[in-house]
Every structure is written in C-alpha cells, then in structure tokens.
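Protein chains in written order, with this note's numbering: chain A, 21 to 489; chain B, 21 to 489; chain C, 21 to 489.
Honestly, the hints are just simulated from the structure, not real lab data.
Think of the CB as a built atom: it goes at the ideal place given N, C-alpha and C, for glycine as much as any other residue.
Each hint should be verified, as a subset may be incorrect.
[Unchecked claim] Partner residues aside, some chain C positions facing chain A, computed with beta carbon under 8 Å:
no., residue
1, 200
2, 382
3, 385
4, 390
5, 460
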Amino acid sequence: MSPLKLHPDRLFPADSTTRAIARHLYAQVAHLPIVSPHGHTDPRWFADNQAFTNAADLLLIPDHYLLRMLYSQGIPMEKLGVRRRGEAAETAPREAWRIFAAHYHLFRGTPSRLWLDWVFAEVFSLAQRLDANSADAYYDAIAEQLAQEAFRPRALFERFNIEVIATTESPLDSLDHHRTIAASGWSGRVITAYRPDPVVDPEFEGFRDNLVRFGELAGEDCFTYGGYLAAHRNRRAFFARMGATSTDHGHPTAATADLDDAQARALFARVIAPDVSAADAELFRAHMLTVMAGMSIEDGLVMQIHPGCFRNHNPWLFKHFGRDKGADIPVRTEYVHALRPLLAKYGRDPRLSLIVFTLDETTYSRELAPLAGHYPALKLGPAWWFHDSPEGMWRFRENVTETAGFYNTVGFNDDTRAFMSIPARHDVARRVDCAFLARLVAEHRLEDWEAAELAQDLAYNFAKAAYKL
Amino acid sequence: MSPLKLHPDRLFPADSTTRAIARHLYAQVAHLPIVSPHGHTDPRWFADNQAFTNAADLLLIPDHYLLRMLYSQGIPMEKLGVRRRGEAAETAPREAWRIFAAHYHLFRGTPSRLWLDWVFAEVFSLAQRLDANSADAYYDAIAEQLAQEAFRPRALFERFNIEVIATTESPLDSLDHHRTIAASGWSGRVITAYRPDPVVDPEFEGFRDNLVRFGELAGEDCFTYGGYLAAHRNRRAFFARMGATSTDHGHPTAATADLDDAQARALFARVIAPDVSAADAELFRAHMLTVMAGMSIEDGLVMQIHPGCFRNHNPWLFKHFGRDKGADIPVRTEYVHALRPLLAKYGRDPRLSLIVFTLDETTYSRELAPLAGHYPALKLGPAWWFHDSPEGMWRFRENVTETAGFYNTVGFNDDTRAFMSIPARHDVARRVDCAFLARLVAEHRLEDWEAAELAQDLAYNFAKAAYKL
Amino acid sequence: MSPLKLHPDRLFPADSTTRAIARHLYAQVAHLPIVSPHGHTDPRWFADNQAFTNAADLLLIPDHYLLRMLYSQGIPMEKLGVRRRGEAAETAPREAWRIFAAHYHLFRGTPSRLWLDWVFAEVFSLAQRLDANSADAYYDAIAEQLAQEAFRPRALFERFNIEVIATTESPLDSLDHHRTIAASGWSGRVITAYRPDPVVDPEFEGFRDNLVRFGELAGEDCFTYGGYLAAHRNRRAFFARMGATSTDHGHPTAATADLDDAQARALFARVIAPDVSAADAELFRAHMLTVMAGMSIEDGLVMQIHPGCFRNHNPWLFKHFGRDKGADIPVRTEYVHALRPLLAKYGRDPRLSLIVFTLDETTYSRELAPLAGHYPALKLGPAWWFHDSPEGMWRFRENVTETAGFYNTVGFNDDTRAFMSIPARHDVARRVDCAFLARLVAEHRLEDWEAAELAQDLAYNFAKAAYKL
C-alpha cells in the first residue's frame, strides 16, 4: 500500500522563485469562502438533509468523468453499477467500487485524480492511496463516515465554507426543494438558475409536452407566441424570487438570430408543429437567445451560454443507459458570426451581463477574448468541462488574458453535481490562478501587490460581482 | 503611490539558468537599430515635425487597444475623448486621461501595459505608476515635455534609433508628406508601402469613386481592365520611387484565384458596376492577389497579405464613431486551399517574396509553417495584432519553428501608429525571442553561439533582408 | 570548426528539480529495445543486406523533411541530387552533400537537426559539427564506414536494439522481401502492414489497373463488390501470415460511412467506372473504413487511420519530381461527425483496436481526447509527422492527457523510412515523455513511482500491447 498525502505545493511551478510567489499568493486565498454560481448539485440533498449512502453511489455512479474513462478501457457500464434503462443495477455498489479502485491508475494525469484524492484525504481522512488492495477499506470507511451527522449535506456545506451555491432547474421544475430549504430556517444559501432548454429547444425530448406543462405552471397558453413569451417572463420572475440570479442555455451551437415579430411568429408556429426541421429548430434556438437577452435586460438575470457539444455520440449507449454517461463530445464552435445578431442588438447595453463558455479552445485567443475585450455586455466563463483542469485553466489564462485582460473574466465555477469534490475543484482553480499570477510576477510583468489583488478577485470577487451574488 | 521601475530581466523565464542565457543574448541585441518595415505612423509627423500636444491625444485616443478594453468595461467612447462622427469631442483631453488613469489596472497582464509603462518610464522619465492619483501629474509632465524640442517627431525618431520606418498609404495618396521629408534634407528614412485595398476591394467604401481618383492619379482609364492594371503598375512604380519596398493587402480571407484574361475582364466589368455581389467581390480580391504577385515579380516589391478580420463588428459603434475603435474581431482563416492558386503559379519563383500574417493561431503549425517550410516565395510575418504580445510571440515560435525553421520568418514589425511605443514593442519582441532561444540553449537543442547569431537575425537582419531594406 | 557533442540532458527542462527527475526516469528507459510498429523502411534492405552507399543517397535524397526546408530557401531539387522524373541526377552525391552541409544551419530548432546530429555522433562517430568546412570529411567518413560489415542493414538493426519493426506495403505487393527475410534464418523481426489505399481510393493513380492486379493476386474478380471484399479478406490473411498485425489507411479526411449492402454495391459500380465523382470517391473511402473495421474485428488486425493531408500541393514540383518531396500540407480535419458512423457501429466492440492520428492539433483536446476517452475501440496515435518533434510531443501530452489519460495512447512510432535515425527518433520521444512526467512529479500531480511505471509504458509496453506485438 502506498500513502496518500496531498502535497502543500501541488500544482505550483517547480521553479523555486515562482513557487515561492505562488505559495504566498495562494496562502491569501486558500481559505476564502466558496462562491459556486453555476452547478448541478441536487437541491433535494439540502432540502431533506438525508445521509449519503456509500462510496459507489456517491462518488462513482453519478460521475460521468469516471464512467467515460473506465468505459473507454473496456469496462462495461453494468459492472460499474450503472443501471440499464428500466432495469435494476447488475452490480452491487461494493463490487462496482472494487472495479473502480482496481482501475484507479487510469486517472493518472487527469483532474479526476486530483479531485478524488482531495475528497479521500480531506473529507474522509483516508491515508492510503486507492487501489485494489485498499478498495474495501475505503468502502467501509466512507460508509461509516457518511452515516454520521457531520457528513450530512448541510453539515458538509458548512464545513466546505460555501457562501452560496446555485443549482440549475428547468422552467418545468416546481422548485419545491428550494422552497423547503428556504422554509427550514437553515442558513445555507442555495439558489436556483433558469435553464429553459426543454422549452426552448424544439429538438429536446418531449418538447411539445414540455410546452403544455410550461403553460400550466405559468398560467399561459404556450402554443401562442405571445403566451409563450409571457410564460418565460412569468417563470423567470418566479425563479428570481426563489433566489436565481442567472439563466443558462446549453445549445449545440452559439448561433443567435434577431427575427422581427412576424418572422418570429411564423417560426414559432412551425416549431410547435410536429416534424420540425433541423434548420427551424436551430433558428428558433438562435432567436430565443436574443429574446432571452432582452428579458435579461428587463429582469436583471445574468445570462450564460454553454454551446458546442455533440450530446450522446454513442447511440447504443444512449439507448441502453441514457444521457450523461460520458458520451458527449465537443465540436468546433464559431462565435464571431454566431453571436453577432445578439451583440449587435444588446452587446453595448450595460444592463446585460452575458457569460459565454466554450469547449473549443481555439476560440479563446481568436474569437472570445477579442469579443469580450470589446463588448461591454460580454464576459468569459472559466475553462469548462473537459478543460476544467490544470492544463485547461492554464491555456485559458495564457490565451485570454493578453486580449481580454483579467477583468472580462468571471472567476471560477465548478459546474458539477459532484458535491464532495466542490472544494477540491475550487482549490485547483485557485492554485492554478496563483501559479499563473506568480509567473507574471516572476517575469516582472506584474507587481506582487497587483497579483495579490487579482488572486482575491479570481478566487472570490469576480464570481460574486459577475453573478450579482 | 507606487513606484514605476522597469525591471532589467522583465519577460525572461524565471529559471536562473535560462534567465542568465536570455540576459546574455539580449545584451547583444538590445541596442541594435530599429527596422520597422510595416507600420502606420503618420508621415505628416516627420514632414512637419510639429510638437505632439498632450497625453490623451497622443497616447489614448488613437490607440484602439486601449479604447476597446475601456469600452468593454462600460466606459463610453465619449468619455475617452473620442469624437462622434461629425461632432466635437465631448470630453476634454485631461478629463479623458483621468478616466484612463483610473482604469489603468484593467490592462494588467496585457501588452498595452508593457508598452505604456516603457513609454512612461523611458520616454517621459515618470517614476510613479499611473493611477487615479498620478493622473494629473502625468498629464502635466507629459505636456511639458512634449513642448520641448527634444520631443518633436524627428528628435524622437533619432532618439529611438530608428534606422528605417515604413508607413502605409493607399494608391490614392499623393505621398506629399514623403516628398516633403525627402526634400527637407533630414536624414531619417521614412518610406511608404503600397496598400491598394481601396481600389482592389469592391466592397470598400467609395470603391467606384476611388477608381475615378485612381485613374486621375495614374493617367489611365480605370474602368477598363487594361487601364486598371496599368494604373497599378504606374502607382506601384511611383511608390517605389518614393522608397516603398513592399505592398500590403488586408483582405477578409486569404483566398487567391488565377483567372484567365477573358474571365478576369468579365469579372472586372461586373465589379465596377453597382450592386456587386459578395461572391464577385471575393473572387475579384482573390484574383487581384495573384495579379499583384505577378507585378511584384516584375517590380520587386515585397508582398504582404494580412487576412482574417471581421471589421467593424459592432454596427452601432461603427455608425456613431467610425472605424478602428477596437471592434475588429479575428475569424477562422484557411490558407492551404486559399493560397494554392497563387502559390501554384508563383510560389516557386525566387523573385517573389510573399509574407503572410494571420490572426488564426491554429494555422501556425497546421498550415502556415508547412507552407512556408516548402515554398521558396513564402515567408511568415511575426505574431500579429492581438498576438503581438509575449504569449502570442511565444506561441508563434513554439508552433512555427520546428517545421518552418527560423529562416522562413522575417523578424519583427510593430504594425502600429503608436509612435511613442515603437521601441517598447521591438524591445518586447527582442526579449521574447531571446527567452525562446535561451530555452533551446538551456535544453541543449541549440549551441550558445548559434543562438547569438539567431538573436541578431531575429532582431535586425531578417527584417532588412526580407523587406529589401 | 565546432565540436559535435550530444549533451546527456538534452530536451530535459532547465529547472534543476524537474531535470533531476527527468534524468532519473530516462535512465530507466533509455536502453529499452525499440518497438517500431509503424514505419516505412524498405524491407529489401533487410532481405538483401547490401551496404548503403553514401551520405547523400542514404541521408539526404530520401528525406522529405530535408528537401522541403532546403527547397523553401531557394535551393532547387536538382542541386540536391533529386532526379527529375525519367532523368538521371544532375548533381553528384558529394556535391549535393556539400550544398546540404553549407545550409545545415537552416535546421536549427527543427527535429531534423536533433535526429541527424544523433546519427552523425552516435552512428558515425563524427566529432565536428556539419557545415561547409566539414562536408567532405563527413562524406568520406560516412562512405568509409558504410562499406564496413558493421554498417550493413542487419548489423545496424541489431546495434539499434530493434525488437520488431513494421514496414508498410500495398495489397499489390508480393511481400517477396519479407519472405526472403523469413527464409534467411536471420533473427531480426521485420513485419509488414496492410495499406490498401491503392485499391480503396478511387482517386489513387491507376486505381482500375490496381484492381486488376489485386484480383490476380487474390484470385478474385475485383470488379464485383463481393469479389472485391473477398480479395481484401484474402490479402489481409496473407499479410497476417507474413507477420502483419495492423492495417493503415491514409485518407484525405476522417470521413466514415456505413452503407447498406444495396447502397454499397451501387456505389462500387460507380467507382470502378471511369470518371468517378469526387463525392463518390470520398463516400467510397468512407464506407471502406467501416468495412475495414469490420474485417479487423474478424481477423484481429489493428486498424490505423492517418487523415488530413493535402498531397502534392505544388503542382509544378509534382509534375517534374513526383511525390514525397516535401510538398504535402496538413488541412483542418474534423473527427466528431466524421468517425461517428464507424464508431456507432463498432466503437464499443473490444475486439476492434482503432488508432487515429492527426495533423490538426486543434482536435487533440476538443475531439480526439474526448472520443478516445469514451470509446473502448479507439486509441490515439502519437504526435505525427510535422508534430513528431519536441514541441509537438509536448503539446500532444498537454492537450490529450487530462481527458484521455495516458492509457488511451499507444506509445511512440517513428513512421519513417530514415532507418539511420530511428533510434534518435525514439530517443527524442522517450526524453520528452520523461520530461513531461517529471513535470507532473515536480508539481505533485503524480508520484515518482507512478511516473516510473508510465515511462516504461510509454517507451515500450503500450506500443507492444496496442499493436499486438
């Protein structure tokens, strides 16, 4: 067995001058509260505050980063405890955990390894590395701790020093869990975010049924364009009352459009009919981004666009196991022409705050930094998903900073449902940002006191400001 | 207040071995004369040799790098002293300068900060950093110095150790300022460059009027294809007599075409008519690049292509404030198919020297280095515009050198109208190139004496040779 | 004259901590046998074991990396001893070598310089650097040594510690040289690989004639779709008997398609007719990749796809000097949509091993690492061709590892016909991989013992496993 120790200098450059600067900067931000303005934790956890059950159900089965890597090396989903659609799990949690543990070396060099080692060492006080030999000891130790009061969701939320966390819900969600949290008297701040893809994307599963439900919740006829827009206004206002400060839009491309009213009505009539064409679906999503930007100017919700993913690339896997199993693949994404209709209309309006993310790193220096370095409304979200990693963050800063500066970025967000590793994810970001700043100081491109200010901004202030928290 | 000191080791890697090598290399090139073969300074400055007026008019208002960043953070153009089309400035220069000073932190991590700090410290001997508190002291100190003889354009030209500088003029320019300079007996070498976009791009503002004027200046009928080509030959020869050694072509794409004479005449007839189609405009620009390459073989002018920018992306800003306010955005650019017609025709001709620039860094290793590493006529311009920065230059060298070598590149050019910072820009390039060479030496990929030769080449020899200066 | 010495720490980072780790890792893999699973050496060398002749014919004239760079700097092919089609060489080998030597500085900063310096120092014990002064001494010393028994192909094969090397042959090849090697009793393992481009690509020179010959060799009627597929099965089996463990497919794009039998038969009828359309040619290549993947599942041959090159970009050069003279240029390449038909059909089948290469580095983090980090059948080949270089390898690891891990990569292959430099190429890869691992250790992202395991895997184990050697 091999000891598990987190080195205090991890992720800092090896050069001793730079490392000393990084260490000093990091010391000033390591213990700042966590602001998590975009994520996918389940509000039920904080509403019900039930104990988590076991290592596999908590850490393995919901984590698409882990599933994809294990699957890529020939381990079937069933062996990892993932259920086939409509069936019970074939593999017991302890057995799934053992398989994961025996393959933990596959994650060498990946961020999952960094995040999980932190969870093992810091949350569960485990002192040996995870491998086939330690698998059962891990499973037992984690189960035992999870049963304790101190490991319930609210206790961990407090222990993790989370100042505020945003979940993400569809307009069709009743937000009952958020209501429960608010009514409970607990001091933790768990807010929602408005993610209208199910009622904006005509290609979303059950789009027409979703519109029916949308209309019921909003008290509008969502099969007229006017009623549909009114329903958005209504639900956005409801989400805002439940704490939301932002909306989120996960489109296949970054296309925006600005149709006039007659065009928009005609298009709406086509997309609510059966057999919508791919072109109409794309145009409607594009148009709705501009509409949503207009509503953001009215109601003040910060707008996020997350484009550029080919979802469910493996049809067999999707058919048998469903979404979010690690089969989503980034695609080349264009922003300069795509965002222009929206930016031409609203990009100079200081009331709009539009945060854009990308999975196509080639757009950092070529498209996104120049756009964000010009338009008042536009800011850049942090390195996202596949790029939420030390190298990914480093590429983000290197490619974006010289053109957009630091001040057109919005700090870190974890974008995760993996609650246990949220502090680890923020810690990686803080370490990498401090390392990047340290290099600028060591190369005399920035003064030490400027880097210290920026370290605070990147770790805490920017996220609060950009998301109006 | 915080002291302003330029560290002698700035931009050198922190590792002490590498830094020592970089420092040694840099010491041998730091004081070489400046060769500036591509830029946008105003020849009137050197013709009239009038004093510059104040910090805002000199350093802020003409600098689109500064305007864009300030605008992106919500500061209206009017507040920066930028005039609306046809109106007087709303903000006095001192007030504009104060606003800039109060937001100078926005430029942390950007090349503008490096360039301006050099101007402040080296040109104006300022010893405190620029911020809200020092704004007035800066403004006054700069105004006072600018009024002195030693700060007039010609004096600064000499102090900056500029061996030769090229401006850029349209074929419609009379070159009167260059004539004045030549007639003045002053020893400074200020040459022009032939930039025919206004009479080559059918989508250029006033294209048909430009052709009328073009014909008048050249004594040709520019509404016949033969007369139009003769006018180019005529004006190119005139520019060459006024010192030009190069032409420059700023097209939206890198497309080239090689039409036969009948096709070319038919196309020309269409593009001089009203309502030219976008496809015809693109084809004509493409064809004219090949025509211009042919003329370069005749008259020896070095040819430069600068493609890939979406100009005036913000229509509101363009309408109210005009061009060059920081709203130009790079777009994805393709070279392999685009340049092929030209290269197939002339690429192996040693009389042609074709220098290509890009705003799409993804083409460095994939397209441009392989092309320049094959075709005798083709060379690569330095990291350009948004990439004229430490990280941008570093990426250029890392991505280009292994395939194109150093010898298919052409040294640095500043491409700027910001006269005050020209030495700073060359200094950044020299430092980064020395740092890059130092790494190769430190990693035993190059001998120290080879790096010393290359440092001289990159700082001075290559630009002189590539531009025939 | 300047001494030639290979520094033992070459290619290791300058930082002393990291360098010490890299040195330690490298010491454990430096002397491992070479596994060369993909390359282009001539099997005749090992069959006949004749002496190589002289420096120019051995090291210069067949090396397209050298020809391209020299040509790009204005040196005509004729001067380098390259023959015009159908003509004798205009320049004698010694004279060509002198020209090369006088321009050897052009290769500063390129991998060719690293490889050749190794050949000069390690194979031929030369102690001065190559330049105009040492050209003749080099030529003579190399000629003298090549005449010795110890420099014959088989002796060098053994001296180079090559455990196995794969050549690449067309299905039209008789594999007589491989047969001779096998019959000779020599212990060297030289295997073939099945590269069917001449009979799969309807745009390949002589496609229809190739099909005739293909049918003769296989005893099938290759002008029926059934006979054509049977011929592939037949020749694949023959290649496998002659040692092949893999196939290789060098297509212009990564397009795959999965046609039903009727569609495939109709398409086949069109592509064997004269004047095949570009679209049909592309679709047939695409379909055949999926067919070949199916055959790989049957016969176990590992499948390699090398897409994305614009061959023979310079038409004049191609006409007069033919292929492989350094005029091939990479193009932008798309994988996510392109590979989907094949991956949807076979990507989850553990019997398929599909190795993909790219010349478009933008796809590393955006497309290829996510795909390889999901599909069980898919693995990533090493940095290829223009990117087979220190910076290229470093970018590969930095962009791929966090998403695909190390275990979805396949180790190094040299992909070369430059037999003399094969050890140098593997040595560069081992050094760069050890440097990359050392950084992870120095930054506490990996334990030292993990890095030691991985160094062995990357240098030796992965290639053997991935190629079933």
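Per the CB criterion, is residue 390 of chain C less than 8 Å away from chain A? 5 Å, holds
Tell me if the interface restraint on residue 460 of chain C is satisfied: Cβ within less than 8 Å of some Cβ in chain A. 6 Å, holds
Please check whether residue 385 of chain C passes as an interface residue: C-beta within 8 Å of a C-beta belonging to chain A. 6 Å, holds
When the least beta-carbon distance from residue 382 of chain C to chain A is tested against 8 Å, hint result: 5 Å, holds
Given residue 200 of chain C as an interface hint, is its Cβ closer than 8 Å to any Cβ of chain A? Cβ of residue 200 of chain C sits 39 Å from chain A, so the hint is violated.
Hint compliance for this structure: hint 1 is the single one not met.
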